[in-house]
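**Q** Okay, here's what each chain looks like letter by letter:
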Amino acid sequence: MRDSPSLEPSAILDNLGTHYLPRSVQCYAAVSSTMDVARQQVATLTESELPLLVLADLQNSGRGRLGRTWVAEAGSALLFTLAFRPYWLAPARAFTLVWMAGVALCDAVAEVTGVAAMLKWPNDLLIPTPSGDYAKAGGILLESNWDGHKIEWVSIGIGVNLQSAPPAHTTRYPTTSLAAATGQAPERIEVLRSLLRHLDHWYGRLRNGEEAALLAAWQQRLHTLGRDVSVQLPHGSLNGYAEAVDADGALHIRDQDGITHVITSGDVGA
Amino acid sequence: MINETNAGPTENGDDFGLSAVRELLRLMNQTDITEILIERGDTKLHVKRGTTVQLAAVPHAPVAQTLAPPVAAMAPQPMPPSMAHAPVAAEVAVPTGHTITAPMVGTFYASPSPKDAAFVQEGDSIQVGDSVGIIEAMKMMNEIESDVAGRIVRILVTNGQPVEYGQPLMVVEPV
Chain R
6 MRDSPSLEPS AILDNLGTHY LPRSVQCYAA VSSTMDVARQ QVATLTESEL
56 PLLVLADLQN SGRGRLGRTW VAEAGSALLF TLAFRPYWLA PARAFTLVWM
106 AGVALCDAVA EVTGVAAMLK WPNDLLIPTP SGDYAKAGGI LLESNWDGHK
156 IEWVSIGIGV NLQSAPPAHT TRYPTTSLAA ATGQAPERIE VLRSLLRHLD
206 HWYGRLRNGE EAALLAAWQQ RLHTLGRDVS VQLPHGSLNG YAEAVDADGA
256 LHIRDQDGIT HVITSGDVGA
Chain F
5 MINETNAGPT ENGDDFGLSA VRELLRLMNQ TDITEILIER GDTKLHVKRG
55 TTVQLAAVPH APVAQTLAPP VAAMAPQPMP PSMAHAPVAA EVAVPTGHTI
105 TAPMVGTFYA SPSPKDAAFV QEGDSIQVGD SVGIIEAMKM MNEIESDVAG
155 RIVRILVTNG QPVEYGQPLM VVEPV
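First to last, the sequence lines map onto chains R and F.
Counting from 6, one number per residue, gives the positions in the first sequence under this note's numbering.
Counting from 5, one number per residue, gives the positions in the second sequence under this note's numbering.
Please keep in mind that the hints were generated in silico from the structure rather than gathered at the bench.
The structure presented is a predicted model; accordingly, all values stated were derived computationally and were not measured.
There's no promise every hint is true.
[What the hints assert, rightly or not] Calculated Cβ distances over 10 Å to all of chain F for the following chain R residues:
1. Q31
2. E78
3. T134
4. D205
5. N213
[Unchecked claim] If you anchor each label on the Cβ, the simulated ranges turn out as follows:
6. F:E177 <-> R:R232: 26 to 34 Å
7. R:E54 <-> F:S135: 20 to 28 Å
8. F:Q125 <-> R:N244: 55 to 63 Å
9. R:W93 <-> F:T100: 31 to 39 Å
10. F:D151 <-> R:W93: 46 to 54 Å
11. F:Q125 <-> R:D262: 37 to 45 Å
12. F:A122 <-> R:Q237: 16 to 24 Å
13. R:D262 <-> F:T162: 40 to 48 Å
14. R:E195 <-> F:S135: 35 to 43 Å
15. F:V179 <-> R:G241: 21 to 29 Å
16. R:S53 <-> F:D151: 33 to 41 Å
17. R:P14 <-> F:T100: 25 to 33 Å
18. R:A221 <-> F:E126: 40 to 48 Å
[Unchecked claim] Residues of chain F clear of chain R, computed beta-carbon distances all greater than 10 Å:
19. T100
20. A122
21. G154
Built from N, CA and C at the ideal position, the CB exists for glycine as well.
Please take these sequences and the hints and turn them into a complete structure.
**A** Structure representation (structure tokens):
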């Protein structure tokens, strides 16, 4: 099933108006994973050819955090990876790209659909449902490579459910699609171009040293804060109140004994 | 937490692996562990805390702490600030080698995903550019490559363990 036409690089780039990204665009009908393609390509492309955008109608082995599968019917979702070499970015602050991707995705969806999109810590796209709750409509995964001296490359993989969402029993958090939330799925290219502009905006500001402004924007969009949540950790789980994020983006959870736990990695549930 | 702008990797010129020991002592001082004994092959590392721990300054207010598995699954207790200054006595024998350190704060993973085998194990030979682990910072998976060729003589972290900036991850005997 193909719900939207395949995208062409020229249509993506035409009058896009971005300063930094992308410089190369590759569109595929089907790939194993846009992350895998980008990983292979980024090692061989010259600096003038980066950032690279890899986009696919269908992923046969799409993946999320910790090797989890990411499933979407062909053309029903926006699936792409943006890869670049951010030599300007200190490795210890590389996670600011997590904020950048989350804020850009949130704002692009809001811009195109009018929906009040928010983020589940750290960067899952949440949109309101008719029942008044929020459900996940997109996810972001970042991969990078540290060669012992510098961050060699970074890939930002983004998937947005446009037409449909995975069955509820297959996901850890309630899911939805932009079509379910708005009654009509936006055009894939429209969401993509808006998202590229928002990514470009924050990429430029981050390069310009405006990390504090990005942190503030990210905090404002975090639906997680001020709620009782359950967090799945590498070893066990934690229930508590999400009271804050710190300057490193770590989530502070206060448990029932009043002890605050600082979380840098984990899956936040409802 | 180490100040990320001031603390850098410490392996340069550290022929005796002292940076790894120093980090171990620092981590020990941040927990209520009193003794660590690691024996592998011909090398032994034994660290024991002194017994004169002052507990008078236990705070009544909650304090922040980083979850350290498997403690995460249990009921954690506030850490007395005085513990950070408890005397530590150490008798140390660690392998000589090149220390691979964490370039960022996060969670260490030994394999690409839970269903995959570990990138490396102690005793493995590695080349420059071989992946030795992943550090996740939020949802950013940072693959760590070795910048030396050699044999892995010691892995200092476990799967799912929180790591700090500059923390030793493993010791490599260069070839």
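**Q** Next step is simple, just say for each hint if it's right about the structure.
**A** A quick look at each hint next to the structure:
{"no.": "1", "hint": "Q31", "in the structure": "holds (22 Å)"}
{"no.": "2", "hint": "E78", "in the structure": "holds (24 Å)"}
{"no.": "3", "hint": "T134", "in the structure": "holds (23 Å)"}
{"no.": "4", "hint": "D205", "in the structure": "holds (19 Å)"}
{"no.": "5", "hint": "N213", "in the structure": "holds (19 Å)"}
{"no.": "6", "hint": "F:E177 <-> R:R232: 26 to 34 Å", "in the structure": "violated (49 Å)"}
{"no.": "7", "hint": "R:E54 <-> F:S135: 20 to 28 Å", "in the structure": "holds (25 Å)"}
{"no.": "8", "hint": "F:Q125 <-> R:N244: 55 to 63 Å", "in the structure": "violated (35 Å)"}
{"no.": "9", "hint": "R:W93 <-> F:T100: 31 to 39 Å", "in the structure": "holds (36 Å)"}
{"no.": "10", "hint": "F:D151 <-> R:W93: 46 to 54 Å", "in the structure": "violated (21 Å)"}
{"no.": "11", "hint": "F:Q125 <-> R:D262: 37 to 45 Å", "in the structure": "holds (38 Å)"}
{"no.": "12", "hint": "F:A122 <-> R:Q237: 16 to 24 Å", "in the structure": "holds (22 Å)"}
{"no.": "13", "hint": "R:D262 <-> F:T162: 40 to 48 Å", "in the structure": "violated (26 Å)"}
{"no.": "14", "hint": "R:E195 <-> F:S135: 35 to 43 Å", "in the structure": "holds (38 Å)"}
{"no.": "15", "hint": "F:V179 <-> R:G241: 21 to 29 Å", "in the structure": "violated (40 Å)"}
{"no.": "16", "hint": "R:S53 <-> F:D151: 33 to 41 Å", "in the structure": "violated (27 Å)"}
{"no.": "17", "hint": "R:P14 <-> F:T100: 25 to 33 Å", "in the structure": "violated (53 Å)"}
{"no.": "18", "hint": "R:A221 <-> F:E126: 40 to 48 Å", "in the structure": "holds (45 Å)"}
{"no.": "19", "hint": "T100", "in the structure": "holds (19 Å)"}
{"no.": "20", "hint": "A122", "in the structure": "holds (14 Å)"}
{"no.": "21", "hint": "G154", "in the structure": "holds (13 Å)"}
When each numbered hint is compared with the structure, violations occur for hints 6, 8, 10, 13, 15, 16 and 17.
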